[in-house]
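Trainee: Use the sequences and the hints to build the structure in full.
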Amino acid sequence: MVPLLLQLAGLGAALAAAGLVLISIIAFVTATKMPSLLRHEEEKFFVNAKGQKETLPSIWDSPTKQLSVVVPSYNEEERLPVMMDEALDYLEKRQKHDPAFTYEVIVVDDGSKDQTSKVAFKYCQKYGSDKVRVITLMKNRGKGGAIRMGVFSSRGEKILMADADGATKFPDVEKLEKGLNDLQPWPDQMAIACGSRAHLEKDSIAKRSYFRTLLMCGFHFLVWFLCVKGIRDTQCGFKLLTRKAASWTFSSLHIERWAFDVELLYIAQHFKIPIAEIAVNWTEIEGSKLVPFWSWLQMGKDLLFIRLRYLTGAWRLAQTRKMN
1 MVPLLLQLAG LGAALAAAGL VLISIIAFVT ATKMPSLLRH EEEKFFVNAK GQKETLPSIW
61 DSPTKQLSVV VPSYNEEERL PVMMDEALDY LEKRQKHDPA FTYEVIVVDD GSKDQTSKVA
121 FKYCQKYGSD KVRVITLMKN RGKGGAIRMG VFSSRGEKIL MADADGATKF PDVEKLEKGL
181 NDLQPWPDQM AIACGSRAHL EKDSIAKRSY FRTLLMCGFH FLVWFLCVKG IRDTQCGFKL
241 LTRKAASWTF SSLHIERWAF DVELLYIAQH FKIPIAEIAV NWTEIEGSKL VPFWSWLQMG
301 KDLLFIRLRY LTGAWRLAQT RKMN
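283 is the number that the UniProt record's numbering gives to position 283 of the sequence shown; each next residue is one higher, with no gaps.
Just so you know, these hints were derived from the structure itself, not from any lab.
We put the beta carbon where it would ideally sit given N, CA and C, even for glycine.
Simulated pairs of lysine to any residue, SDA-like, Cα-Cα distance not exceeding 20 Å:
id : residue 1 : residue 2
1  : 139       : 40
2  : 96        : 177
3  : 139       : 253
4  : 229       : 217
5  : 44        : 138
6  : 301       : 235
7  : 126       : 86
8  : 301       : 220
9  : 178       : 244
10 : 178       : 189
11 : 122       : 89
12 : 53        : 125
13 : 175       : 283
14 : 175       : 276
15 : 122       : 77
16 : 131       : 99
17 : 301       : 225
18 : 65        : 55
19 : 175       : 94
20 : 229       : 304
21 : 118       : 140
22 : 131       : 43
23 : 301       : 221
24 : 178       : 276
25 : 126       : 102
26 : 53        : 138
27 : 169       : 94
28 : 131       : 51
29 : 244       : 184
30 : 118       : 47
31 : 272       : 225
32 : 126       : 49
33 : 175       : 232
34 : 169       : 198
Label-pair ranges, simulated between beta-carbon atoms:
id : residue 1 : residue 2 : range
35 : 230       : 45        : 37 to 43 Å
36 : 41        : 214       : 43 to 49 Å
37 : 64        : 125       : 18 to 24 Å
Mentor: Have a look at this one:
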């Protein structure tokens, strides 16, 4: 009996090793060597408050604002106004209190099929195109791809990623700013502060089904085991980056959909960019685009491929590249 069990264990180990080799080969062969930084011709412009086209700036230009807020939006005509009202109310009050404070909000419509761009453009007309800009992508790229397009069109010394659902209370940006400042001195002017919901985990588990809790725990384990150490919540959509950290990480980003946050932090840790994880106020908002099983499955595959593609050299991290 024992020899048979040993034989079966050996066979299982051999099959697992063969499977890993096969997956590694697939990951290597199917990898795009460098991330695509191309823009469609229409994506190089934005429409100002007067309805005229203007060329978008570049992250490689010198900053002219203190803060850029990038809001990726896909079919968000209903949820976007709540987030924009809260954000702009906070930003306007802050500027009134401190006239030296300057900001911009960049809404990136990720190929929406509804009126997201029109809803966002109303804010451009109300506040002016120096403060609110709308970039409409010709096709859906995914959340990571949409954020990258906004980041590469930003003018801020610091760049904030903020979800269109308004799940994180916008004034918590001050917590991220403090977390970023506490990391100083920044090596090569690079640092990242990540909003975190890890402190809310016990309460959220109590409200979830066992199946979703299992998926969540499995995802967190894979993130820790394969890619990112030391960050409990990689997926919170509230992140603040220095301009140089944003240019370095996003120019190397390959993943454009749900797991992009993990690759972003993987790249940051590779470049030894200091990262702070800051607890923020967060509320679950109805209308999530995340499909529980299939989205988690896609993210799991992406995590494995991130690790294997960097490990096999299919993806490499080198100096930054400019978007065309």
